[in-house]
Structures are given as structure tokens and as C-alpha cells.
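Asks: Spelled out, the chains give:
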Amino acid sequence: MKIGIVRFPGSNCEVDCLEAWRVVGESPVMLWHKETSVKGFDLIVLPGGFSYGDYLRTGAIARFSPIMEDVIHFAQNGGLVLGICNGFQMLTECGLLPGALLRNEGLHFVCGPQYLKVERNDLPYTNYYNQGDLIQIPVNHGEGNYTIADEGLKELEANNQVVFRYVTSNGEVNESGNPNGSINNIAGIVNKEGNVLGMMPHPERVVEEIIGGTDGKGMFISILKDWERRMKHGA
Amino acid sequence: MEPEVWREMGLSDEEYEHIKKLMGRDPNYLEVGIFSVMWSEHCSYKTSRPVLKKFPTKGSQVLQGPGENAGIVDIGDNLAVVFKMESHNHPSAIEPYQGAATGVGGILRDVFTMGARPIAVLNSLRFGLLDDESNKYLLRGVVEGIGGYGNSIGIPTVAGDVYFNESYIGNPIVNAMAVGILEHKDIARGVATGVGNPVMVVGAKTGRDGIHGATFASIELSEESESKRSAVQVGDPFMEKLLMEACLELIASGSIVGIQDMGAAGLTSSSSEMASRGNSGIEMDLSLIPRRETGMTPYEIMLSESQERMLVVPMAGREKEVEEVFVRWGLEATVVGKVNDDGMLRLFEGKELVAEMPVKALTDEAPVYHRLAREPEYYNELKNISLDDIELKDSVENVLLGLLANPTIASKEWVYRQYDYQVGTNTMIVPGGDAGVLRVRGTNKGIALTTDCNSRYVYLDPYIGGALAVVEAAQNVACTGARPLAITDCLNFGNPEKPEIFWQFEQACAGVAEACRVLNTPVTGGNVSLYNETSDHAIHPTPAIGMVGLVEDINKTISNTFNHEGEVIMLIGGNHGELAGSEYLAMYENLEAGALPEINLPQIKARLDFLLELNGAGFVKSAHDITEGGLAIALAEMTKMYGAEINLKTNSKLKVLFGERLGRIIISVAEDKVEEIERMAVSKGVPLQCLGSTGGDVLKININGDECCNIAVQKYRRVFEQTLGKIMQ
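Chains as they are written, first to last, in this note's numbering: chain A, 7 to 241; chain B, 3 to 731.
Take the hints with a grain of salt, since some may be wrong.
Straight-line distance between alpha carbons at most 27 Å, and here's what the computed BS3-like set of lysine-lysine pairs gives [unchecked claim]: (1) B/LYS322 - A/LYS40; (2) A/LYS223 - B/LYS717; (3) B/LYS385 - B/LYS655; (4) B/LYS686 - B/LYS623; (5) B/LYS675 - B/LYS623; (6) B/LYS607 - B/LYS623; (7) B/LYS207 - A/LYS40; (8) B/LYS340 - B/LYS447; (9) B/LYS48 - B/LYS22; (10) A/LYS223 - B/LYS558; (11) B/LYS447 - B/LYS22; (12) A/LYS223 - A/LYS8.
Simulated from the structure, these hints should not be mistaken for lab results.
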């Protein structure tokens, strides 16, 4: 599988993503943000970090990096684009995903283990999980408070675009399971077509038992299996 | 020149005369400014040098000892760990966010200028008590500053320590430690050699921030300090991230001779130190220095402490390569001068010579002060206060809950939840463990990292307390399964011109030195922060110790909580603690007093070796040392998933449960291994006893057969975990 990870100035999870892919046997390519084409790739990853120091607004400047024009084009033509943390912020900034990410409620940066509920497993990103699975994937952000206007929220929920929700250790969707004040406990969403996914938690941080768990590995395996299946069908 | 000029810059009249003699003429304003920062305590160690000489600095594991930007220890496989700790106390007292943030930025630069990619940051923090809003304000700002910088640049903050004590009111301690990894062949040094080699300034532009920061760090804080806010630098972690990537790329390219961070005293210290180490000289044209403000004088340029700048000496003819690397990262690299061989630091503005000083006069000729040391009166007074009649004030359960709600003992989750401690995906033991542990990619090894110092012990008995700071660090490292390797230190004290303070300094350093000798953890570098005083009091002497340990097999790291039912809980070391200097005494008797128990370092070394031997054999399921709050608190910290039932025999419930004495470690082991472990202990002459077993969801303690504590784990964990967050809300 040909995977590209875009490195922006200030990205800091790009190597972690690369290492996570290696755990499942893939060797992604690092793409410098000044490149202009993502032709031939099967997946583009926008990694976490503080692109451009988060100046202005998170993801707001990275969205204008030269490579983003083709990433948008790639996504609009059905290409898989995965945005993690800062990558999710870029995806809302460039309009590939609806809504916005505000400062965490309580204004503090939060780092730590977090339970998520898998709302959908019919996506290239989540087919390895079961619907309703309770998984633990850490969060690490200062601005992960997802928000969207009422109309947009209704549409998001009606279309089943919410992929992950923050929950308690018992799987309850409530305030105490919500680390940042996100509306409807939203942790990750997908576009209507199902090819662009943005999420605040970091699956690449939990792919080996030795560093605290393997619940994130399912996402990498999902993407790989989906690609293999499509290859088999000659798609 | 009017005496006010050099006095205002922090030079004494005698020092000024000495400068005149070294120069053979009257120095000009710029030269006096340069001497004043180079001869400040912060840069010259003029007071502390005679004391620091007594530290052991050698060992087969040491690749680089004190004197460079950071120390280096060997971890085998051609890999080495680079590490250093530094203080940013004064800036943090004035502007907590920027003070702490630039502390992290500065120490990271010290590590990556050695050619190492930083993999971890730690922090040792001290504040006044949290019932005072100003201390909360400082804690909040410092934690946000550390997170703001470390999180953004993408280096995990993996461990540290936080204490609260009245002595830190108005004078918080903010010590940051950075750790990096490199291959032996990639070690870079801060040296300028090769006549004609160019000197380049790279990274951020120079502005007026932080002028005279090093001098500011070397005086007592006062009301006027608020007005010195311009002496606090402002950090830009995004710029530093770019600078780090560019510098590492540059060092790997092999095109440079030397590189050094512009930290305290900026261009002044970096140029003179690099020339001094290279036994060379440097000349620079200050009009070529990229700046972000107009109208800056040579004085302001030389003394600016603008952050995220480096001085680089490439090989002649390879300037273009340097420039290309930096431009790719969106940064500037400018040739500003060259290396000469006449040992002079010569500064021009355009064609005009504006300063000319012998390099060695700046770096080596600073006066050395052998300060007067006098044992303070309090020392014997507090030592002789009898604690024999003190009894347990409340029920065991209530005291347990009370101590767990003491911010010094309570979980620091409120702090570390604001730090990214996982980026880099190497963190195996996260904050909350005895030490942070990271795997070393490409090997089966890991490194354990910790910072420690109980300054109340040091206050009561500086020699013993200094040794205990090293012991506690070694215990924490060993409790994760790592062998202690070496230390860095941050020596935070009051005004050394006061004989009582200098006595504390001398004694504490002697204790640190002795412990390092016995535990085989040489000192590889560090930092001295003196003048930590406000008008009416000095801080408790705080020699913060940052230690690195080596985990030979990452599959054998040890957790500090009980993870299985039915394990046998054992205690290495005796079960009696003392009330002297204990948290119980401070909290329930409002007393910091008593004679600390004598310390037997070889005995402690034998116990740590025993722990590591047991772990090597695969016997240790969990381990945790007994520190503040004593045995009962250590047990409360270990019981998270499972409770425990403990049986003790004693005639002093208070001392056994809440007394303190270092050199004691609780472990849990499988039942069928107990006999073998006991045999091993006997053969090593290490005291060992069974305390009880793990399991259930309560902590039950029986003393002489009577139950004195039976409390639900959930109940006290809630107190332990939520206290700090509630206070800070």
C-alpha cells in the first residue's frame, strides 16, 4: 500500500505515524508540505503536532501549504485522507470536514488515556472493530472541543458521520467521559462519502503493548484490509 | 567611568580593578557589560566552583563530564544518553509562563547542540503553599509554560517532582531537565577551532529581550524585580522545533567544527566559551547580526538573551551548506565573523573596533570566592527538639486520608495531564510511576529518568539531606528495574554571601558527592542557582538531582502498583521510620524539626543491588520506595487495582506507619518464590520481611494482631487523585 504522511513545519507526530505503520508491515513515504502532488497514493495521513506553531488558529496556516491543494483534490475524488489531531483541525479548516475545533472546555491542555465508542465499522478505517466496541486511545490536545451549528449537527448525526465518541470506562456517553467539552461527545467524524476521517485521539500511540496498549492498531489493520480487498476486486 | 556603572551591572569594585589589570587599561562600557555577565555567578560559578570540584565526575560510563553544554553517558550498542538540568527560578517568579517555557527551550538546546535528538523532558518544581493565591498563580503559569513549550515542540515530559513548602513563597523553583540519545560518532561539541573558519549566527533574530538575564539570575529578588520584567525572555517553540531539526541535520552532515546554544548571556557567553574551549579567539562584526529591532547598540546585541539562536563554526568553504539547511527550515544563517588564533574576543561595528578582550580573562580569570561558612544556629536547635512524646493525633484512617490530601503527597495528575508525555511513542512508564521509562528504539534497552530532592531533609541536615536526594533518585530509578548510571544537578540555594547559607551549600554538596561516589553515579554537569531569597527569608536548600538509569531488558521494567491478587508483599529494609523531618510532623504538629537518622550509604547500595538482582531473576512483580508519608502512604500508592492486607508488629504505630527513613523498598512477589528470595537476602545481608499480601478492594492494616485500618481503596484513591485538581479549580 502506498501511504504518504505529510510533514508540515511544526508537525510532531509524523514519525510516530510512520512507526505505527511499520508495526503492521507498511513503509509510508514522508511528504514535505511544499510538494504539490499526491498522485499515486492510496492514503494520505495528516499527522498531529503544532503546524506553524498553531499561530492564528490550529491548522489555519497549514491549510494553505502547497500540498494541500492536491490533497483536497485527492479527497474529492474519493482518495482516503486521515487527519489525526492537528490533521483533524486542518480538515475542518479546509472544509473537507464540517464543524470546528475550539479550545478545550476548562481551557487546559489534556493528555491521557481515553475511552472511545466505535459508532461505525462499515468504513475503510474501522472495519476491524465491531460496532459499539469500547476502545482506549489517548488524547493529547489543547483545542479538541468539537463544535458545529445545530443544523450541521443534525445532519452529521442523521448521516451517521460520527465515527468515535468519548465515553466513560463503562461506555456511557456523558459529561464525565468527555475530556474537552465536544458537542455530543464527538471524538472523530467522517465525510458523507466515508473517505475522509478526522479524529482528535491518537491511534498511532497505542499499537504495541509495551507502550501502553494496542487498541489503535485496529485502525491501521482496517485500512490495510480494506485496501487489500479492493485490490483483490481490481478496484 | 563612574563606579555606579559597574555596580549597576553587578560587578564589585575589586572585580572592576581586576578587570583593569587583566586588560592593561580602562575597559569601555561594552567591555564592562561583557565582563559583568561572564563573571556573574550564573556564568562563572565564582562562588560555587571550589565546592563543585569535590563532585566525582569520572566513571567508565561517562563519555562527557561537566564543562560542556550537557553530560553524556554510555548505554552500550554505540549509543549514549545526553542530559542536563538547569534552573529558571528567577524568570519564573516574575513571569511564570515564559519563565518556565524558556527554561524548557534552553535546556533542550543544550542537548541537541551536542548532536542528540531530545527524547524527554523532566521538571523539578517547588512552590509555596497552595492556600495562597499567588502560589496557585505561579503553579498554574509554570505548568502551562512547560506544557506550552514541550507539547508544541513534540518532546514528551515524562517525569518530575513537585513539592509545596512555605520557604518557597515568592521564590519558586523551576528546574528543567532534558534528555537525548545519540550514536557515539555523532557527538558535537561547543568548540571554535581552525583559524579562518567562519562564525555563524543561526536561528532567530536578535532583539532586546532578556538583556542582563544572567546577572538578574544572580541577585536576590525584591519588589523592584517586577520592574525587571524585560530581563525575562520570550520563547517560541515553533521556531525552536525548526532550529532543532536544522541543527540535527547540520551536525549529521559533518560540515561543522563546533556549535553552541546562545543561552544565558547570549552571544557573549557562546562566543567566548567556544573560543576558550578551542584555545582560540573569535572576531565578529556586530553590524552583521540579524536583528528584529532597529537601533540596537553593540551592548544590547552582545547581552541580548533572545531565544532560539545558536552560534555555529563550520569548516571554511562550507558556509553555503549551512545556509541551505537553514533556509529549507525557513531559518536564517549568517556569517558574522571568524576564528582567530590570538586568543582575543574582538568585536567590530562595521569597520570600527568596539571591544577587545582576552577570551581566557572572560572564561577562566573570573575571581573565585572562598566564602565563609558558618553553622547556623537553627541547626542544633531543631536537631535537639525531642519528638519522643509525639503521638498519633487521629485515627490511622483519618491520618492516611489527611496525608493523601496533602498537595506534596497527592497525585500530580492535574500537572502531568497538561503535558504530552507520550509523543515519540517510547514512553513505557508514564508520569505517576517512580521514574519515567522510555524504550530505546532498535535495542532491547530502556532508560529510566527521575528528579528528586526533599529539601526539608536538606534544611534539617544539609549533609544527610544532600545524600538523601541522590539516594531517593537512585531508589526511584531502581524501582523501575533500572541500574542508576549518573546524575545532573540543579543546586538551588539562598544568598551564598551569608555564611549560614554557604554552610548549607558546602554541606549539601558534600553529601551529594559522597552518595554519588558510593552509588557509582558520577555528576556529569548541572547548574547552580544561588540568591534564591526574598527580603525576609531564603528557600530551603534544594539540590535537585536528575538521574539517568539503564534498563537492560525492557521486558523487565517494574510497575509501582500491585497488578495481581495473592502476591506476597515484602519490605527491603527495616519497618521503623522516624518522625524527624517527616510530612506527618509538618502537617499534624506544624513542626520541621528533629535529628535525621544517620545514613549508611553502602547499606543502601547493597539493598538497591539486591532489588536489581531479584528483578534480574524475574522475581519482582511491583516495587515502590518509601518516602514522604512513610510506609502507609507507600502502600496507599501501590494499591490501585487491588487492595492489600498488612500485618505489622511494633510498639510505635505512628513511626511504623507514617515515619520516614530512606533506603526502604516495598516489593510484591509470587508466593512460591518467597523462600528463595529470603535465602538470597540472607546471603546478601539485606534485611527483608513479609508485610502481607495483595488482593481485595480494601487496605487493611493489623498491628500486633489488632486491625487499625480498614479502608476502601476507591475511597482514598479518590482523595489522592482529585485533591490537586480541586485546589486548582
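Asks: If a hint holds in the structure, say so; if it does not, say that too.
Replies: Results of checking the hints against the structure:
Only pairs whose Cα atoms come within 27 Å are accepted, and B/LYS322 paired with A/LYS40 is accepted, the gap being roughly 22 Å. Distance check on the hinted pair: A/LYS223 and B/LYS717 sit about 35 Å apart at the alpha-carbon level, beyond 27 Å; violated. A threshold of 27 Å between alpha carbons decides the hint, and for B/LYS385 with B/LYS655 the separation of about 23 Å falls inside it, so the pair holds. At most 27 Å may separate the alpha-carbon atoms for a hinted pair to count; B/LYS686 and B/LYS623 meet this at roughly 20 Å.
Proximity of B/LYS675 to B/LYS623 is assessed by CA-CA distance (about 11 Å); at most 27 Å being required, the pair is judged to hold. Between the alpha carbons of B/LYS607 and B/LYS623 the distance comes to roughly 21 Å, so the proposed pair stays at or under 27 Å and holds. In summary, the hint linking B/LYS207 to A/LYS40 is supported, as the alpha carbons are separated by about 24 Å, within the 27 Å threshold. Of the pairs offered as hints, the one joining B/LYS340 and B/LYS447 is violated, with about 43 Å between alpha carbons and a cut-off of 27 Å exceeded.
At roughly 18 Å between alpha-carbon atoms, B/LYS48 and B/LYS22 fall within 27 Å of each other, so this suggested pair holds. Note on A/LYS223 and B/LYS558: the hinted pairing holds, with a Cα-Cα distance of about 24 Å set against a maximum of 27 Å. Under the criterion of a C-alpha separation no larger than 27 Å, the hint pairing B/LYS447 with B/LYS22 is inconsistent with the structure, at around 55 Å. Taking the CA atoms of A/LYS223 and A/LYS8, the gap is near 18 Å; set against the 27 Å cutoff, the hint holds.
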